[in-house]
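Chemist: The primary structure of each chain is shown beneath.
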Amino acid sequence: MRALPFVALLSVLLLCSWGPPADARASEVGIEDAYVRAVPPGQRVTAAFFVAVNHGNTPHAIVAAESDAAEHTELHEHVHDQGVMRMREVERVEIPAAGRVAFQPGGYHIMLIGLKRALKPGDRIHLTLVLEDGTRIDLEPEVRPIEPHDAARDGHHGMKH
Amino acid sequence: MAEPPRRTLPFPRWLLAGALALGALALGAGVALWTGKLERPQTRYPGLGGDFTLQSDSGPVSLADFRGKAVLLYFGYTFCPDVCPTTLATIAEALRKLPEDLRRRVQVIMVSVDPERDTPRHLAEYVHYFDPHFIGVTGTPQQIQRVLKQYRAIAVKVPNEKDPENYAVDHSAQTYVIGPDGAVAGLIPYGAAPARYVEVLTGLLPD
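Residue numbers (the working numbering), protein chains in the order written: chain A, 1 to 161; chain B, 1 to 207.
Isolated chain A, as found in the complex:
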């Protein structure tokens, strides 16, 4: 049977391209360097930042976030428009296949609204990111002091490259 090697090859190819189940795909998105900003006293809002890395070949999206530290949690982005900073809620943030998206000062952030307690450097909060396919990524980001611009721009402490 001359067709046998071909059939075997086809089977191998089919097996290889067999998509992993949804829960296995969760590992495709990794979150690096997650942290939450410390807040001045009496402050009711803060922001969480991280880098989302898509190790897979399919695009993903972050569509929601939840936290025990705040009453509401929203996905926000900043648009710098001719010297004016416009902060807007966004419904989703795409993480392209084999790509990475930084949630960082001046760009995307998770907005924590109605803080239930004061957040001091060194504290940790629970933060869950929800992906479009329902995957939930549980994080325990550390609270960090507010960083000035040059440090913020060049990447954060312990960021993996």
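Please note that the accuracy of each hint is not assured.
Unchecked claim - A few chain A residues facing chain B, derived, Cβ under 7 Å: (1) P40; (2) G42; (3) V45; (4) G83; (5) V84; (6) R86; (7) M87; (8) G99; (9) A102; (10) Q104; (11) M111; (12) I113; (13) I146; (14) H149; (15) D150.
Hints are computed from structural coordinates only; laboratory data are not their basis.
Note that the structure is a prediction, hence the values are computed from the model and not measured.
All residues carry an ideal CB built from backbone N, CA and C; glycine is no exception.
Assemble the complex: chain A is given as a structure, and chain B must be docked to it using the hints.
Modeler: What follows is chain B alone, placed relative to chain A:
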């Protein structure tokens, strides 16, 4: 051979020389006047800025109170989770890098663009977190609008339908550098590093 007739000048030489001298003088005077006009304005930003009086937690604060000092003026609001804290932290870091004698000649003032939520008390707590010498001021919406107009800055409330209390405010994010004479001496855009503030303040305040 007869000499060719001498060409006669249209008018005597002395008159020509005089006219040329006069022309040069007029041109010189014109240039002097023109460049003089360019140098004359008090500020590089004519029509921008000016005095104002707003409320801090410890009483009224006027820009005029700080003549002889450099003032860093920033429009922001305490509900701002990202841009304002980053800028204030950057300015605080810049001041820590300045020599003590220079630092004492710099005043940072944050003008609230959210007078509805930012009380003088809360503003004070907020700015003192970054540096105990920072001043936070607010006023009536009309007073704030007037200062925004003076500085050609923008602040627009963005209604939040889901959660009306938690609205955002779009706002100009640059820092105004005001010289010891009270005039705007420069603008530092959002995102500038502490070193930029140090450079501007050092250049502005003579030893």
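Chemist: Each of the hints needs a verdict: does it hold here or not?
Modeler: Now for the hints, and whether the structure bears them out:
Evaluation of the P40/A hint against chain B yields a held restraint, the C-beta minimum of about 3 Å falling below 7 Å. The beta carbon of G42/A is positioned within 7 Å of a beta carbon in chain B (closest approach about 5 Å), and the interface hint is therefore held. The restraint placing V45/A at the interface with chain B holds, with a minimum CB-CB distance near 5 Å, inside the 7 Å limit. Taking 7 Å as the C-beta cut-off, the interface hint given for G83/A holds, the closest approach to chain B being about 5 Å.
A distance limit of 7 Å between C-beta atoms decides the matter here; for V84/A the minimum to chain B is near 5 Å, and the interface restraint holds. Nearest Cβ of chain B to the Cβ of R86/A: about 4 Å, under the 7 Å cut. The hint holds. Checking M87/A against chain B: minimum C-beta separation of about 5 Å stays under 7 Å; hint holds. Below 7 Å, beta-carbon pairs count as interface contacts, and G99/A has none with chain B, the closest being about 23 Å; its hint is therefore violated.
Interface hint at A102/A: violated, since its Cβ lies 13 Å from the closest Cβ of chain B, which is beyond the 7 Å cut-off. Among the interface hints, the one on Q104/A is violated; its C-beta lies about 9 Å from the nearest C-beta in chain B, farther than the 7 Å criterion. The beta carbon of M111/A is positioned within 7 Å of a beta carbon in chain B (closest approach about 6 Å), and the interface hint is therefore held. With a least beta-carbon distance of about 5 Å to chain B, the hint placing I113/A at the interface is held under the 7 Å criterion.
A distance limit of 7 Å between C-beta atoms decides the matter here; for I146/A the minimum to chain B is near 4 Å, and the interface restraint holds. Evaluation of the H149/A hint against chain B yields a held restraint, the C-beta minimum of about 4 Å falling below 7 Å. Using the Cβ-Cβ criterion of 7 Å, the hint placing D150/A at the interface with chain B is satisfied: the shortest such distance is roughly 4 Å.
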